[in-house]
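**Student:** One line per chain: the protein sequences are V and A, in this order.
Quick note on numbering: this note's numbering labels position 62 of the first sequence as 70, and the sequence is numbered without any gaps.
Quick note on numbering: this note's numbering labels position 106 of the second sequence as 173, and the sequence is numbered without any gaps.
Worth flagging that the hints you see were computed from the coordinates, not collected in a lab.
The structure displayed is predicted, hence computed values, not measured ones.
It is possible that part of the hints are untrue.
[What the hints assert, rightly or not] Using 25 Å as the maximum straight-line C-alpha spacing, the simulated PhoX-like pairs for lysine-lysine come out as follows: (1) V:50 / V:76; (2) A:150 / A:81; (3) V:66 / V:76; (4) A:76 / V:66; (5) A:76 / V:50; (6) A:137 / V:109; (7) V:109 / V:76; (8) V:109 / A:124; (9) A:137 / A:150; (10) V:109 / V:77; (11) A:76 / A:138; (12) V:109 / V:57; (13) A:81 / V:109; (14) V:77 / V:66; (15) V:77 / V:50.
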Amino acid sequence: AQSVTQLDSHVSVSEGTPVLLRCNYSSSYSPSLFWYVQHPNKGLQLLLKYTSAATLVKGINGFEAEFKKSETSFHLTKPSAHMSDAAEYFCVVRSYSSASKIIFGSGTRLSIRP
Amino acid sequence: DGGITQSPKYLFRKEGQNVTLSCEQNLNHDAMYWYRQDPGQGLRLIYYSQIVNDFQKGDIAEGYSVSREKKESFPLTVTSAQKNPTAFYLCATGTGGGGYTFGSGTRLTVV
């Protein structure tokens with residue numbers, strides 16, 4: 009069975025400093041992995057996805073994530089945080105028991121200090 | 068302008084009352100999904116539908132019902148059997164190629 013674990017429920021960084029949001033996955037197969045962002049009282053927006061091509065995936069708004077099979081990780085990073093990055097972030101894996109289903113992590117709330 | 072429309076944005080339900088949340092899409096996507104979001108618990112799948120006139124239970128289907136009479140629409144009914152319905156409900160569509168498109172959500176509150 010597939011699963012994802014987001015290691016931090018809350019991350020706080022200063023504006024202009026790097027962001028690291030951690031995600032570990034469990035999958036018997038080569039996984040499809042995603043990061044989504046949710047601003048307060050809004051739907052979710054796809055940031056980036058990994059589907060077995062390049063291990064370093066670039067997304068929108070300057071975010072990127074690196075797939076590391078040896079560490080079963082898919083951490084999300086950004087070199088310099090902006091106030092508008094404050095939101096909830098979800099790491100997601102596609103289920104292979106039902107190809108149309110995706111499984112969400114519990115989310116990481118990112119706060120940005122001025 | 069393609070996308071997903073959820074309505075209403077806010078909904079209040081009295082005890083013992085059924086309510087229906089609307090989800091409409093013009094993306095021509097086959098698959099549609101309903102998720103429930105509670106604080107600190109991420110998103111949990113209620114129901115999903117891969118084609119018209121067919122739908123499957125997700126992880127927390129009890130107390131909910133859906134229909135898929137046409138490709139564009141996937142309404143969710145929260146019945147009186149759902150004992151704790153207060154939550155944020157999100158509808159999504161998928162193409163199967165990876166990545167979903169989400170609506171802006173409906174916040175349901177029991178009064």
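**Student:** Hints first: check each against the structure and report whether it holds.
**Tutor:** Quick rundown of the hints versus the structure:
no.	hint	in the structure
1	V:50 / V:76	violated, 30 Å
2	A:150 / A:81	holds, 12 Å
3	V:66 / V:76	holds, 15 Å
4	A:76 / V:66	violated, 32 Å
5	A:76 / V:50	holds, 10 Å
6	A:137 / V:109	holds, 21 Å
7	V:109 / V:76	holds, 23 Å
8	V:109 / A:124	holds, 11 Å
9	A:137 / A:150	violated, 29 Å
10	V:109 / V:77	holds, 22 Å
11	A:76 / A:138	holds, 22 Å
12	V:109 / V:57	holds, 15 Å
13	A:81 / V:109	violated, 32 Å
14	V:77 / V:66	holds, 17 Å
15	V:77 / V:50	violated, 32 Å
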